[in-house]
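S.K.: Residues per chain, in single letters:
Protein chains: 2
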Amino acid sequence: MPVANAGAPELNELSDLDQLLGSGSTRNLRYILNNLAPADIAHRIESAPPKLQQLLWGMIDPEFTAEVLGELSEDLQLEFLKDKDSAETASLLESLDTDDIADILQTLPDQMIPAVLKAMSVQDRLRVESVLTYDEDTAGGLMNTDTITVRPDLTLDVVLRYLRRHDEIPEVTDNLFVVNRKDTFLGILPLAKLLTSSPNITVREIMITDVDAIPASMPDTKVAQLFERHDWVSAPVVSDKGKNLLGRITIDDVVDVIREDADHSLFGLAGLSDEEETFGSVRKTAPRRAIWLGVNLFTAIMASMVINLFEATIDKVVALAILMPIVASMGGVAGSQTLTVVIRGMALGQVQAGNIRWLLSKEFAVGALNGLMWALIMGIVASMWFNDPKIAYIIAAAMVINLLAAAVAGALLPVTLRAMNIDPALAGGVALTTITDVVGFFSFLGLATLFYS
Amino acid sequence: MPVANAGAPELNELSDLDQLLGSGSTRNLRYILNNLAPADIAHRIESAPPKLQQLLWGMIDPEFTAEVLGELSEDLQLEFLKDKDSAETASLLESLDTDDIADILQTLPDQMIPAVLKAMSVQDRLRVESVLTYDEDTAGGLMNTDTITVRPDLTLDVVLRYLRRHDEIPEVTDNLFVVNRKDTFLGILPLAKLLTSSPNITVREIMITDVDAIPASMPDTKVAQLFERHDWVSAPVVSDKGKNLLGRITIDDVVDVIREDADHSLFGLAGLSDEEETFGSVRKTAPRRAIWLGVNLFTAIMASMVINLFEATIDKVVALAILMPIVASMGGVAGSQTLTVVIRGMALGQVQAGNIRWLLSKEFAVGALNGLMWALIMGIVASMWFNDPKIAYIIAAAMVINLLAAAVAGALLPVTLRAMNIDPALAGGVALTTITDVVGFFSFLGLATLFYS
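From first to last, the protein sequence lines stand for chains Z and G.
Using this note's numbering, the first residue of the first sequence is number 1, and each one after it goes up by one.
Using this note's numbering, the first residue of the second sequence is number 1001, and each one after it goes up by one.
Next up, chain Z with everything else stripped away, as it sits in the complex (with noise of 0.2 angstroms):
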């Protein structure tokens, strides 16, 4: 539902945030700041520096709190949190979604976990604790206890006055569901439905029996796929055996997962963490990159290592030296078109045991066709720069090779990490630039050894 933004003044640009700061007027930046959505607080907070973080944090409204808590990413929760002890956070906590609470939960320190749960009221830590028996990352650990049931015996007309009983529906409700005496899950009953049908007629004659309702242990990634495929606005979570209905998934928590997956793609083939966030503090920021430079220095110096085994070769012609990393840029940036092609069909469900042979010639067949064309131009350009035709042949097999290879390692690289139950997102692209280096720097000056010795 669109958010109420009535006469709040325009913030387009964090400038004047800025300027306000500068200005030490910091009651008008208070007002300006709660007349904002708290979705629009959390982006303003988020878009800020660590040290303003902490200050436009302090000057939110009490009443507001709660819910940009709620918008906000894991560190900064984790963060504005810590200073409280287990009652304060309960009393925050408290307002917002089932499912949010349950993962601002799992971001605490483990010995806060059972100390919030108690402060909190009976009704609420049993919801919580029912969503906490489910990994975070399944459709349990996504789902919302706000279900609104009927039962299929009812008129239309009976459920409209229930409905009407109820000070408010939960928001994204677009289905009723429609249960038994003991909780099992037996269709849906679409409020577009209720709306345009006779009052006099029944549930059970108009609820849609055959829908996928989703068990709890069903991979989040899963869901929003489905989800997606579907265009679902909400869908009902039943217990893996049994049927009963446990809750419901609603489109924003999978647009969430969404980007989550999107992010977690992008990031892990730049070597980020998922936890990166653009406004992160230095000391965050550095240890969390640092790994990946580390792992890059390790790969780097075993490329080098193989330079190392032709030194005297290149010794003898230093127009080597000058071509290689031409050989190893070009394999690199081959063998990540396809990596990230291949890594993306397997994020949507596309890429599987069937297929990936086709999906393997089909590079294979690419990188041959681009390797040749490029191979051809390169061998052009080096003779003429270098006047030794020797060299352009040379150049130009080690470029169709690397080429091969960087199809090869891309397509399978990621299959086979997933088969070895490595992240092929967060692996694979050190993985490959290894495999195109090392490749790279032999082939070329392994061939150059054979025709110059």
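Heads up, a few of these hints could be off.
To be verified - In silico lysine to aspartate or glutamate, EDC-like type, Cα no more than 20 angstroms apart, as pairs:
| hint | chain 1 | residue 1 | chain 2 | residue 2 |
| --- | --- | --- | --- | --- |
| 1 | Z | Lys193 | G | Asp1146 |
| 2 | G | Lys1222 | Z | Asp75 |
| 3 | G | Lys1193 | Z | Asp167 |
| 4 | G | Lys1193 | Z | Asp146 |
| 5 | Z | Lys193 | G | Asp1167 |
| 6 | Z | Lys222 | G | Glu1046 |
| 7 | Z | Lys193 | G | Glu1276 |
| 8 | Z | Lys316 | G | Glu1311 |
To be verified - Restraint-style ranges between C-beta atoms, simulated for each label pair:
| hint | chain 1 | residue 1 | chain 2 | residue 2 | range |
| --- | --- | --- | --- | --- | --- |
| 9 | Z | Val122 | G | Asn1421 | 30 to 38 angstroms |
| 10 | Z | Lys390 | G | Glu1088 | 53 to 61 angstroms |
| 11 | G | Arg1030 | Z | Asp153 | 22 to 30 angstroms |
| 12 | Z | Gln106 | G | Asp1110 | 51 to 59 angstroms |
I should point out that these hints are in silico values taken from the structure, not numbers from a laboratory.
For each residue, glycine too, the CB sits at the ideal point set by N, CA and C.
Given chain Z, put chain G in place with the hints provided.
M.R.: Chain G only, in chain Z's frame:
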């Protein structure tokens, strides 16, 4: 709404399809295929090699063809429509949502569009033409015209009876829109409120007026940010002037925008075009990828020309040739980390003129810290490897210089490219590695020339 899938045979593995094809049992295959939801049929087709794609497309029951077409990628839509005449195309399209028809029309050859429009019913043509007047990448191009509108002076009872006269309500309807006689947008009436309020009060009393209606010219990326931030399911689209209600945007179309934007960053940074498809044909894939390989070849040659400047030094100290790729590689990885974070921050609307200076100083500090640490370690490795403290100092200094250059380039390149109206996701990666290669080789070999002469 969860889609019917009852009694359909499970078809989990694409290899099942292969087996069925191999056994020649096309009747069985046709049965399985047509028992899937249209979105699932589209998914199967997109996960199949080109030849199989044609075969599967030909097997779809006519009653599902249009819906499957609507779920396919642009490339495949064009592929399957190219043999059809304008009347066939028009009748295929007419059952789809207005925005989908407009999207598909825009992929057709220019001379086809008027013919297809002419073959449509007058009502459909007017609708499609109203969407076609807006750019594909704006709110107007994203909207559907299937709104249900009510007047503010009606009682809810009248609204309920009015709805009951509909056979069905458009999918993903969570709000009715309130307009005056001139179709000026006044506010929204959430179905949830309609259902929980007394039938005797008027729409005016419970409608929500302080909502952000989306102007038709708003870019789709901005629309997606609003939906994502405010958890909207649908939102009204109004004319830029006069606030006339034009249509509405629904979350399912927004999810597609989010997916496209995420793919754009991922693909761009890997040197792939947005049209790249996992199971695209070799003929389509090879030329698209060749462009980026060519650009990379050009920049790699530039980097080699830098090495060429120091030919004499390398000739004297071969160890330099062995170690120089390490300096370039570390700069490339550090630069990609920064570039990726900044490009994503820009895509989410976090990075702005007001905070780019802070971002730059953070990235500079991270680059300095990690540069110093890994330079120290690399220095120790180099001095042990070549038994030469001089080369250790040189590589350590060059690595620090290159990681600082990488931080500056990674942070400023996207902002500079955007200011020049060049897409940072597309050009950023190539530009960055050019910089880190050139700076890496120049600083390492330059320092070596100073110290070994």
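S.K.: The structure should be examined with respect to each hint, and the outcome stated for every one.
M.R.: Here is how each hint holds up against the structure:
1. As the CA atoms of Lys193(Z) and Asp1146(G) are separated by approximately 17 angstroms, the hinted pair is consistent with the 20 angstroms bound.
2. Proximity of Lys1222(G) to Asp75(Z) is assessed by CA-CA distance (about 25 angstroms); at most 20 angstroms being required, the pair is judged violated.
3. About 9 angstroms separates the Cα atoms of Lys1193(G) and Asp167(Z), which keeps this hinted pair within 20 angstroms; it holds.
4. Distance restraint check for Lys1193(G) and Asp146(Z): the Cα-Cα separation of roughly 17 angstroms lies within the 20 angstroms cut-off, and the hinted pair is therefore satisfied.
5. Restraint check for Lys193(Z) and Asp1167(G): satisfied, since their Cα atoms lie roughly 9 angstroms apart, inside the 20 angstroms limit.
6. Restraint check for Lys222(Z) and Glu1046(G): satisfied, since their Cα atoms lie roughly 17 angstroms apart, inside the 20 angstroms limit.
7. The hinted pair formed by Lys193(Z) and Glu1276(G) fails the criterion: a straight-line CA distance of about 40 angstroms is larger than 20 angstroms.
8. Using a Cα cut-off of 20 angstroms, the hinted pair Lys316(Z) and Glu1311(G) holds, with the two alpha carbons roughly 12 angstroms apart.
9. Against the hinted window of 30 to 38 angstroms, the Cβ-Cβ separation of Val122(Z) and Asn1421(G) comes to about 59 angstroms, which falls outside the hint.
10. Checked against the hint of 53 to 61 angstroms, the pair Lys390(Z) and Glu1088(G) passes, with Cβ atoms roughly 60 angstroms apart.
11. Distance hint check: the CB atoms of Arg1030(G) and Asp153(Z) are about 40 angstroms apart, inconsistent with the given range 22 to 30 angstroms.
12. Judged by the Cβ atoms, the range 51 to 59 angstroms given for Gln106(Z) and Asp1110(G) holds: they are separated by roughly 54 angstroms.
Hints 2, 7, 9, 11 from the earlier list are contradicted by this structure; the remaining hints agree with it.
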